[in-house]
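**Q** With the hints as constraints, model all of the structure from the sequences given.
The listed protein sequences derive, respectively, from chains A and B.
Just so you know, we're using my numbering here: the first sequence kicks off at 315 and counts up by one.
Just so you know, we're using my numbering here: the second sequence kicks off at 484 and counts up by one.
Some hints could be false.
Facing chain A, a subset of chain B residues (Cβ under 8 Å, in silico) [stated by the list, open to error]:
#, residue
1, Ala492
2, Ala508
3, Leu519
4, Thr528
5, Leu529
6, Ala536
7, Leu537
8, Val539
9, Ala580
10, Val612
11, Leu630
Note that these hints are calculated values from the structure, not bench results.
A virtual CB, placed ideally from N, CA and C, is assigned to each residue, including glycine.
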Amino acid sequence: MMASIPMEYGLLLAGTLFALGLIGVLVRRNIVFILMSLEIMLNATGLAFVTAGARWAQADGQVMYLFILSMAAAEVAVGLALVLKLRSQFKTLDADAASRMHG
Amino acid sequence: MNAAFYIAAAVAVISTLMVITRLNAIHALLYLIVSLLAVAVIFFTLGAAFAAALEVITYAGAIMVLFVFVIMLLNMGPQATAQESQWLSLKSWIGPAILALILVGELAFIIARGSLRAPAPGPVEPKQVGEALFGPYLLGVELASLLLLAGMVGAYHLGREWGAEIEREGARGQGDKGTGGHGDNGINV
Numbered sequence: 315m316m317a318s319i320p321m322e323y324g325l326l327l328a329g330t331l332f333a334l335g336l337i338g339v340l341v342r343r344n345i346v347f348i349l350m351s352l353e354i355m356l357n358a359t360g361l362a363f364v365t366a367g368a369r370w371a372q373a374d375g376q377v378m379y380l381f382i383l384s385m386a387a388a389e390v391a392v393g394l395a396l397v398l399k400l401r402s403q404f405k406t407l408d409a410d411a412a413s414r415m416h417g
Numbered sequence: 484m485n486a487a488f489y490i491a492a493a494v495a496v497i498s499t500l501m502v503i504t505r506l507n508a509i510h511a512l513l514y515l516i517v518s519l520l521a522v523a524v525i526f527f528t529l530g531a532a533f534a535a536a537l538e539v540i541t542y543a544g545a546i547m548v549l550f551v552f553v554i555m556l557l558n559m560g561p562q563a564t565a566q567e568s569q570w571l572s573l574k575s576w577i578g579p580a581i582l583a584l585i586l587v588g589e590l591a592f593i594i595a596r597g598s599l600r601a602p603a604p605g606p607v608e609p610k611q612v613g614e615a616l617f618g619p620y621l622l623g624v625e626l627a628s629l630l631l632l633a634g635m636v637g638a639y640h641l642g643r644e645w646g647a648e649i650e651r652e653g654a655r656g657q658g659d660k661g662t663g664g665h666g667d668n669g670i671n672v
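**A** Below you can see the structure in the form of structure tokens.
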């Protein structure tokens, strides 16, 4: 039996992935890339939960990961439908095109 | 298996970096899939085999397929064929292929060594997760199902309007709809 992985490394990796996703959201203007970066951030959050759950050998981390997973699935379904709508209305994928709401 | 964690972590960070720097959506998507697979390996090394399986099936499988569908839908137009020939070049898939090969090598190594037990303090079995899900977290499961239902209804609503709008535009030109026509005339660069 080898030594287990320190929890800090898992959390560090989760933080790194989350930061990369955040940079993606802030830097990219194509709405598909923004959605992908959101997926990265959600995934990093799930990784943090699973890491913490593994540290104390509890199932709660994976349960929270499941909730995040279902939330990501719902978010992607609605988000991609909005992408298609944006494309059909503005003929572009630029997120700034929809910065004004015509209420 | 410690080495497996570090290699998979490196693969995850590299492929995620590639996701946010690629210009082509399909290239970014390939790297994103590799990144999710790497995170699945990390889940496995942490002793969360159930979460690892779900990561591959749901994230890398179902959600990414949705992305692929939408990107393929969006790429209509004359430049699509030019892009298509460009996508088939070696340069576009060699990066994700190498990163995925590293993960496959890890898998083969772990199977060959026969040590499928995770070195975590105590691996969390799927049975424990199921008992927690349908015990203290039962309300959360119900709420998640409601959320999924709301997501499905919302996506259907948006998609249906989109289809109807196309029909309407095709039938009697554009600009005769309240908000949609507004946007079309306003910011059509």
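**Q** Hey, does the alanine 508 (chain B) contact hint survive, CB to chain A under 8 Å?
**A** Cβ of alanine 508 (chain B) sits 5 Å from chain A, so the hint holds.
**Q** Does alanine 492 (chain B) hold up as a contact with chain A if the rule is Cβ-Cβ below 8 Å?
**A** Status holds, d = 5 Å.
**Q** Have a go at the threonine 528 (chain B) hint: is there a Cβ in chain A nearer than 8 Å to its own Cβ?
**A** Interface hint status for threonine 528 (chain B): holds (7 Å vs cutoff 8 Å).
**Q** Just to be careful: measuring from the Cβ of leucine 537 (chain B) to every Cβ in chain A, is the smallest value less than 8 Å?
**A** With a minimum Cβ separation of about 6 Å from chain A (threshold 8 Å), the hint on leucine 537 (chain B) holds.
**Q** Does alanine 536 (chain B) hold up as a contact with chain A if the rule is Cβ-Cβ below 8 Å?
**A** With Cβ-Cβ at 11 Å, over 8 Å, it is violated.
**Q** Hey, does the leucine 529 (chain B) contact hint survive, CB to chain A under 8 Å?
**A** OK, holds: leucine 529 (chain B) within 8 Å of chain A, min 4 Å.
**Q** Under 8 Å, Cβ to Cβ, is where valine 539 (chain B) needs to be relative to chain A, so tell me if that hint holds or is violated.
**A** At 12 Å from the nearest chain A Cβ, valine 539 (chain B) fails the 8 Å test, so the hint is violated.
**Q** Close enough to count: is the Cβ of alanine 580 (chain B) nearer than 8 Å to one in chain A?
**A** violated, 19 Å
**Q** Restraint: valine 612 (chain B) near chain A, CB-CB cut 8 Å. Satisfied or not?
**A** holds, 5 Å
**Q** Taking the least C-beta to C-beta distance, is leucine 630 (chain B) closer than 8 Å to chain A?
**A** holds, 5 Å
**Q** Under the criterion of a CB-CB separation shorter than 8 Å, is leucine 519 (chain B) in contact with chain A as hinted?
**A** holds, 7 Å
Checked against the numbered hints given earlier, the structure breaks hints 6, 8, 9 and satisfies all the rest.
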